[in-house]
Amino acid sequence: MEARNEPMSADPTEAGLLAGARGGDHDALTDIFRRYSQQVLDVAYRLTASPDEADDVLQDVFVGLPEALRGYDGTGSLGAWMRRLATRAALLRLRSDRRRLKWQQRAAMEGRSEERPPSVEGWITLQRYLERMPSDLRVVYVLKEVEGYAHADIAELLGITAGASEVRLHRARRFLKERLRGKL
Amino acid sequence: MKWLIRHPGERELNRFADGALEDREHARVSAHLADCPRCREEVALVRRIADGVRMIPTPLARDEVLRRALARRAAGERVLLPMNDAGAPRPRRATRFAPAAIAAMLTLMVASLVVSVRVLEADRPALRLYPERPVAGEALTVEYHGGALFADQTHLALRARYRTADDRHWQLLAGILARDEDGLYRTEVQLPDSVVYAAFAVEDLHGQRLDSNNRELWDVMVHGEDGLPTLDAMTARLRDLEPRDWGAAYDVAREMTRAYPDSPQSWATRFSYELRLFDRDSIFGAHREQFARLERAMAEPSQQDAEAMAWLGVYALDLGTMDSAELWIRRAVASSDTPAAGDAYALLVSVLHASDAAARVAAMDALWDRYRSRAIAHVGWQAAIATKDQEAVLRWADRYSKERPSARLTLVPVAYAAGGLRPRLASEAREFLASPGLGDETARPLHLPSDGHVRAQARRFQRVLSQGAVIAAEAEDTLHARILAELGLDLAWESEALLRIARTLWTAGERTRALEALVRAEADPETAHSAATAEWAPPRGSTWASRLARARQELREYLMADGVIRYLNADPRLLQKGSRLSFSSIRAGQPTVIAFFSRYCAPALHDAERLPALAAALEEVGARIVVVDVDNTGALEPYLEALGYHGPVYRDDRGEARSVFHSSKTADFFVLDASGRVRFEHSAPSEILRQVWAISTSSDVSSVITD
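Protein chains in written order, with numbering that gives the first Met the number 0: chain A, 0 to 183; chain B, 0 to 706.
Read the hints as simulated data drawn from the structure, not as lab findings.
Check before you lean on any hint, since a few could be wrong.
Across the chosen pairs, the derived CB separations fall in these ranges [claimed, not checked]:
#1 Val166(A) / Gly18(B): 14 to 20 Å
#2 Arg275(B) / Gly181(A): 25 to 31 Å
#3 Ala285(B) / Arg69(A): 56 to 62 Å
#4 Gly18(B) / Gly70(A): 30 to 36 Å
#5 Arg676(B) / Gly70(A): 53 to 59 Å
#6 Arg69(A) / Ala74(B): 17 to 23 Å
#7 Gly75(A) / Gly226(B): 34 to 40 Å
#8 Arg69(A) / Arg167(B): 55 to 61 Å
#9 Gly182(B) / Arg69(A): 30 to 36 Å
Cβ-to-Cβ under 8 Å is the rule here; a few derived chain A residues that face chain B [stated by the list, open to error]:
#10 Leu40
#11 Asp59
#12 Val62
#13 Leu129
#14 Val145
Just some of the chain B residues that point at chain A, by a computed CB distance under 7 Å [to be verified]:
#15 Leu44
#16 Val45
#17 Leu65
#18 Leu80
Backbone N, C-alpha and C fix where the C-beta goes; we use that ideal spot for every residue, glycine too.
Required output: the full structure, derived from the provided sequences and hints.
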């Protein structure tokens with residue numbers, strides 16, 4: 000495929016498609032993949048900041064999709080539902096790998112405390128800043144700024160309070176601002 | 000002006016940017032922003048960043064992922080996805096303002112992101128190791144996607160270099176990868192318990208075709224229970240990277256201070272790198288503060304670990320605070336019965352700081368009795384040479400050659416200087432070259448195929464043997480001078496070495512063989528002048544011109560054995576003084592050397608010193624050099640100017656050139672012919688001029704170089 004796909008709305012064949020996919024039919028899953036895989040991958044990539052991890056999330060979503068679709072009642076578009084499913088799958092992946100989180104947090108903390116020779120600072124591109132942001136901050140930042148979730152929804156997704164979500168957003172913004180000031 | 004009276008807080012400005020303020024507060028902040036450029040910029044920056052993040056391109060969904068997902072389902076696997084739906088996100092509030100200038104800058108920024116993301120995807124490693132964070136002694140599953148390189152191979156060799164915490168390392172055939180029905184090669188590797196780091200490369204079963212991940216290899220570090228790579232594993236990785244990518248090794252040193260900020264070893268290691276990169280004045284302040292912090296922490300009884308104390312001593316030594324160094328090293332030694340790597344190193348450093356050479360060797364002997372390693376053997380060997388004490392030299396030559404068999408021949412010239420070892424090392428050289436010598440597979444670097452390894456070894460030994468021959472000749476030991484020169488003559492085409500060999504053989508009366516060496520040296524543009532004008536050189540006969548022409552042709556063939564023919568798959572664009580230029584327009588149809596440099600890589604800085612002479616020599620033969628700054632900080636250009644290089648320095652700010660050339664380190668040189676094809680990759684600076692000569696068919700170029 001190797002091409003961006005677009006969601007299809009109000010598709011008369013969607014009901015049949017969903018029935019087939021719920022039954023694990025490969026053709027139906029392939030069709031859904033062609034329509035929505037890019038949206039799923041986009042969400043997963045932004046949350047994990049890793050193309051490999053994003054691929055893994057996409058793969059997991061499609062392995063588990065037939066069973067998951069039994070919980071989709073047709074309210075709202077399938078594309079939006081798939082994005083939320085991808086969000087939860089990516090968060091689950093990040094959360095289940097505590098070691099990785101801890102490593103990322105420590106690696107990111109150094110970014111604030113480390114005395115780096117000033118001229119070295121210029122090496123770091125925006126891309127690397129995003130990858131280096133602690134994942135707990137990045138997740139909130141992406142959910143709020145890219146996916147458009149409200150703090151209350153983020154709080155529910157992450158099992159934190161809305162206030163904590165706001166604080167993390169604030170910290171994430173400060174993390175990026177401190178590094179990107181004068182460069183954008 | 001009223002906006003000077005009270006600025007809104009950062010959080011308030013964030014809430015304003017989100018549209019989350021109550022109407023009254025919103026109006027107040029709006030009024031403030033109308034008059035306050037600083038706060039306005041704060042809000043604009045938050046929005047610019049968010050817009051940039053939203054516009055970051057993502058990788059493309061690949062059918063392969065679907066195929067794998069369906070295969071997993073077909074195999075009966077099920078994944079229970081989290082299903083408690085949090086409801087649809089609320090619509091994002093519209094951005095209140097987005098000036099055209101901001102949009103334009105964002106476009107620029109995002110353009111650079113497009114490239115970096117594409118590079119990321121293209122460079123995705125073809126070999127994967129599971130688990131990615133193994134613990135000591137864990138079995139690894141290795142999965143490799145071979146691509147076209149190995150399309151005809153059902154089985155591949157997985158070579159590895161293992162490293163232990165105590166600095167032992169060895170190379171081995173770690174496993175045979177077998178191709179499965181899905182086209183992927185797989186095998187399992189059991190890491191020995193002592194191994195903390197492993198690097199891998201894949202090759203065919205004959206060692207002729209090789210995938211070294213563009214010389215970066217694939218590697219894995221052993222992790223602790225806390226999920227972090229262990230300090231030993233990071234140290235081993237750093238040691239493995241240093242000879243092949245110094246900049247990456249420095250990155251690891253910095254990562255060590257992030258992962259283990261309370262470890263003196265982390266900071267001492269990092270400091271040792273930064274000493275080679277920066278002015279002392281610019282880094283000493285920060286490191287002295289770190290040292291003081293660590294010293295305070297070490298005063299806590301719970302922190303009194305012998306190895307950590309020893310590393311604190313090493314850190315103090317490098318900082319030049321000798322009193323502290325002695326204190327901590329003494330404490331480390333007193334509190335440890337069995338020296339660990341850190342305090343062994345500390346002892347080594349203290350030995351090196353001793354003033355008397357004989358005392359130093361005695362201290363090294365004592366250390367050797369307690370702790371043995373290649374590093375200690377190396378330092379002991381150097382200390383012994385300094386004493387000129389033949390017994391000590393012999394003793395440490397034995398120790399060093401046992402610790403590092405492949406270094407045996409490098410002992411030759413130095414041992415000759417000390418005397419007494421000539422017959423023994425000459426015979427060792429003969430035996431070594433006979434078998435297995437140059438073809439010793441255990442010494443083959445992971446990034447070299449078998450024949451490339453033999454050629455590299457041959458070049459090295461030719462240099463060593465020629466040096467040994469000269470030293471023997473100076474000692475009037477004609478017999479061994481002749482033996483060593485003869486052994487070295489046919490090994491390779493290191494022209495400086497050939498000149499030395501020619502002179503030694505001529506002096507020893509081996510005139511026919513001397514002329515064989517001389518004509519080869521004279522055929523090489525690098526040494527042609529020295530050979531043609533050497534005072535000792537014999538008169539050339541009438542056939543010399545034809546012999547020289549034949550030797551030049553042989554040299555071309557010899558050089559081209561290490562060459563490639565590779566077409567660039569894109570025309571990278573480089574930035575120079577605000578203009579973006581295509582590489583093809585810069586090279587303008589000339590033979591070209593592209594040189595990737597970094598201001599922050601010590602070996603690159605060393606190579607940079609050659610740049611002015613190299614650029615002048617290339618210009619003389621109608622070739623050009625394109626110097627590329629990979630840091631994108633602008634720090635390289637003034638540095639090179641101070642060295643005397645005044646040519647243009649191009650910035651690879653988008654990483655396009657590095658991607659197209661497959662360059663991941665600095666300094667890194669590539670030689671291209673006039674058609675723009677890459678003919679030599681990762682060239683040594685000393686080889687560049689004759690490589691350009693080899694690919695230049697123009698007689699003008701040849702004559703300019705050789706005359």
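Hints not upheld, ascending by number:
Violated hints: none; all satisfied.
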